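The listed protein sequences correspond, in order, to chains P, U, B and V. Heads up, the first sequence is in our numbering, so the first residue is 487 and it goes up one at a time. Heads up, the second sequence is in our numbering, so the first residue is 487 and it goes up one at a time. Heads up, the third sequence is in our numbering, so the first residue is 487 and it goes up one at a time. Heads up, the fourth sequence is in our numbering, so the first residue is 487 and it goes up one at a time.
Any given hint could turn out to be false.
You can't tell identical chains apart in this list, so a pair holds if it fits in one copy or across any two.
Said to hold, decoys possible - Calculated lysine-lysine pairs in the DSS-like style (CA-CA distance at most 27 Å, straight line):
no.: 1; residue 1: K509; residue 2: K609
no.: 2; residue 1: K568; residue 2: K609
no.: 3; residue 1: K568; residue 2: K509
What the hints contain is simulated information worked out from the structure, not anything from laboratory work. None of these values were measured; they are calculated from a predicted model.
Number of protein chains: 4
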Amino acid sequence: MSITDMIREHPDVGDDFNPELAKAVKHAMYCAAICNSCADACSAERMDMAACIRKCVDCSDICQAVSRVVARRTDGNVPVIKSLLEACFVACRACAEECERHAHAHCRRCAQMCRECADDCAKALEGMYRASAA
Amino acid sequence: MSITDMIREHPDVGDDFNPELAKAVKHAMYCAAICNSCADACSAERMDMAACIRKCVDCSDICQAVSRVVARRTDGNVPVIKSLLEACFVACRACAEECERHAHAHCRRCAQMCRECADDCAKALEGMYRASAA
Amino acid sequence: MSITDMIREHPDVGDDFNPELAKAVKHAMYCAAICNSCADACSAERMDMAACIRKCVDCSDICQAVSRVVARRTDGNVPVIKSLLEACFVACRACAEECERHAHAHCRRCAQMCRECADDCAKALEGMYRASAA
Amino acid sequence: MSITDMIREHPDVGDDFNPELAKAVKHAMYCAAICNSCADACSAERMDMAACIRKCVDCSDICQAVSRVVARRTDGNVPVIKSLLEACFVACRACAEECERHAHAHCRRCAQMCRECADDCAKALEGMYRASAA
Numbered sequence: 487m488s489i490t491d492m493i494r495e496h497p498d499v500g501d502d503f504n505p506e507l508a509k510a511v512k513h514a515m516y517c518a519a520i521c522n523s524c525a526d527a528c529s530a531e532r533m534d535m536a537a538c539i540r541k542c543v544d545c546s547d548i549c550q551a552v553s554r555v556v557a558r559r560t561d562g563n564v565p566v567i568k569s570l571l572e573a574c575f576v577a578c579r580a581c582a583e584e585c586e587r588h589a590h591a592h593c594r595r596c597a598q599m600c601r602e603c604a605d606d607c608a609k610a611l612e613g614m615y616r617a618s619a620a
Numbered sequence: 487m488s489i490t491d492m493i494r495e496h497p498d499v500g501d502d503f504n505p506e507l508a509k510a511v512k513h514a515m516y517c518a519a520i521c522n523s524c525a526d527a528c529s530a531e532r533m534d535m536a537a538c539i540r541k542c543v544d545c546s547d548i549c550q551a552v553s554r555v556v557a558r559r560t561d562g563n564v565p566v567i568k569s570l571l572e573a574c575f576v577a578c579r580a581c582a583e584e585c586e587r588h589a590h591a592h593c594r595r596c597a598q599m600c601r602e603c604a605d606d607c608a609k610a611l612e613g614m615y616r617a618s619a620a
Numbered sequence: 487m488s489i490t491d492m493i494r495e496h497p498d499v500g501d502d503f504n505p506e507l508a509k510a511v512k513h514a515m516y517c518a519a520i521c522n523s524c525a526d527a528c529s530a531e532r533m534d535m536a537a538c539i540r541k542c543v544d545c546s547d548i549c550q551a552v553s554r555v556v557a558r559r560t561d562g563n564v565p566v567i568k569s570l571l572e573a574c575f576v577a578c579r580a581c582a583e584e585c586e587r588h589a590h591a592h593c594r595r596c597a598q599m600c601r602e603c604a605d606d607c608a609k610a611l612e613g614m615y616r617a618s619a620a
Numbered sequence: 487m488s489i490t491d492m493i494r495e496h497p498d499v500g501d502d503f504n505p506e507l508a509k510a511v512k513h514a515m516y517c518a519a520i521c522n523s524c525a526d527a528c529s530a531e532r533m534d535m536a537a538c539i540r541k542c543v544d545c546s547d548i549c550q551a552v553s554r555v556v557a558r559r560t561d562g563n564v565p566v567i568k569s570l571l572e573a574c575f576v577a578c579r580a581c582a583e584e585c586e587r588h589a590h591a592h593c594r595r596c597a598q599m600c601r602e603c604a605d606d607c608a609k610a611l612e613g614m615y616r617a618s619a620a
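Whole structure, please, built from the sequences with the hints as guidance.
So this is what it looks like as structure tokens:
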């Protein structure tokens with residue numbers, strides 16, 4: 487089941503399809519789920535993982551908002567999408583930095599996902615600013 | 487990036503991994519995104535899609551809760567998971583029935599996703615009741 | 487700012503306003519916030535609060551879905567509201583039972599909120615079944 | 487039931503309590519609910535409210551993330567809070583501007599709530615930058 491196809495089938499989306507935004511939506515959806523799962527696994531570890539739980543749950547909540555807001559195509563809301571992608575970039579980087587301090591397999595996987603999602607947000611923003619400048 | 491692997495890496499999950507629950511988590515995550523996108527596309531259609539928007543946004547919110555709650559493995563919360571999966575089954579079926587009334591490509595895709603997610607919830611519940619009975 | 491007034495101003499709500507459902511919406515909104523805050527406070531306590539974090543985050547996610555789904559009045563989705571209120575009742579009771587085991591001020595406040603929200607869900611359900619039977 | 491008291495009871499919050507942040511949390515929680523309700527009422531109006539639904543659902547999703555992320559006090563995540571408050575300010579202003587175009591009672595109430603929430607985000611940000619400069 488493809489989020490990308492779903493966005494393409496929106497009545498207002500034709501030639502105007504932006505693949506970088508669609509990729510950011512898909513990875514933010516995955517990143518929200520991975521961070522939610524990492525926070526849960528961290529709370530079950532024997533050592534103190536409070537700082538990591540915090541970064542993961544914050545990142546999960548923001549990625550979830552991205553996966554919903556950035557997927558929409560009705561009427562447009564460009565300044566909102568831009569500022570939310572910026573917040574997501576900051577949250578993903580903060581979570582990756584914290585998870586990279588820990589050797590748990592779930593933290594390593596979460597850090598990798600967050601790096602990828604931060605990268606997607608940066609590319610989507612770059613594409614949006616390029617379009618505004620054109 | 488795999489939600490299933492993430493759940494396997496939880497410190498409390500070993501031989502106790504339940505593949506039917508993991509599948510329900512993954513498809514609920516997708517179904518939340520597809521329903522969110524279908525509601526947005528419906529609001530941009532020229533005809534009155536109010537009933538379909540309602541079923542889609544309700545289903546999206548409930549699937550999102552499922553994708554978060556059912557992914558957790560710390561300490562257990564079985565009765566909560568069961569009743570939430572039941573609510574998700576009802577919401578997915580209601581959304582599928584409504585979307586099946588419309589010819590839009592996004593509605594057809596959404597209906598198919600909802601049928602699949604309802605089926606996953608039913609199988610996950612069946613597995614949980616089988617485990618309780620064992 | 488009142489959620490109740492907001493629901494009254496919906497174009498389809500006239501004499502059909504259900505005060506018990508509106509109360510459940512308002513308290514589910516508060517309960518989602520209180521449980522989110524209690525989970526965060528629990529993760530900062532020195533003792534092992536993993537079980538309490540789990541019950542709080544699950545309850546928060548489900549209450550949040552209730553505060554969104556049950557507030558809607560377009561076209562109707564009664565069976566979905568009923569099954570979601572039941573899941574919320576179960577989640578609030580499970581969270582209250584766990585929080586009542588701890589002496590932290592945030593846990594006591596959270597337990598009280600969860601008991602109240604479970605009670606609201608039960609009353610709203612009773613009202614809905616009474617209406618179906620009438 | 488008070489979100490403010492809940493934040494005060496967090497083990498790491500003592501003299502460090504920030505009333506402007508707590509106010510932003512509370513109003514973002516309300517704004518998420520009001521925008522969710524306004525979007526639902528808009529979809530039931532006879533005229534085309536697609537643009538207003540879009541602004542409301544985007545604003546609701548972002549306010550909801552604020553009400554969760556900004557309420558947390560474990561370990562700190564200041565740059566994330568700042569960029570999320572900025573996104574919330576942008577989303578609330580965009581939603582207020584759209585809702586102010588319509589005479590529906592629910593749109594007027596939603597516009598007022600969004601103006602208030604944007605103002606709270608600005609004040610909370612000002613306080614955070616003042617604290618960084620001190």
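Of all the hints numbered above, which does this structure not satisfy? Sort the numbers upward.
No numbers; nothing is violated.
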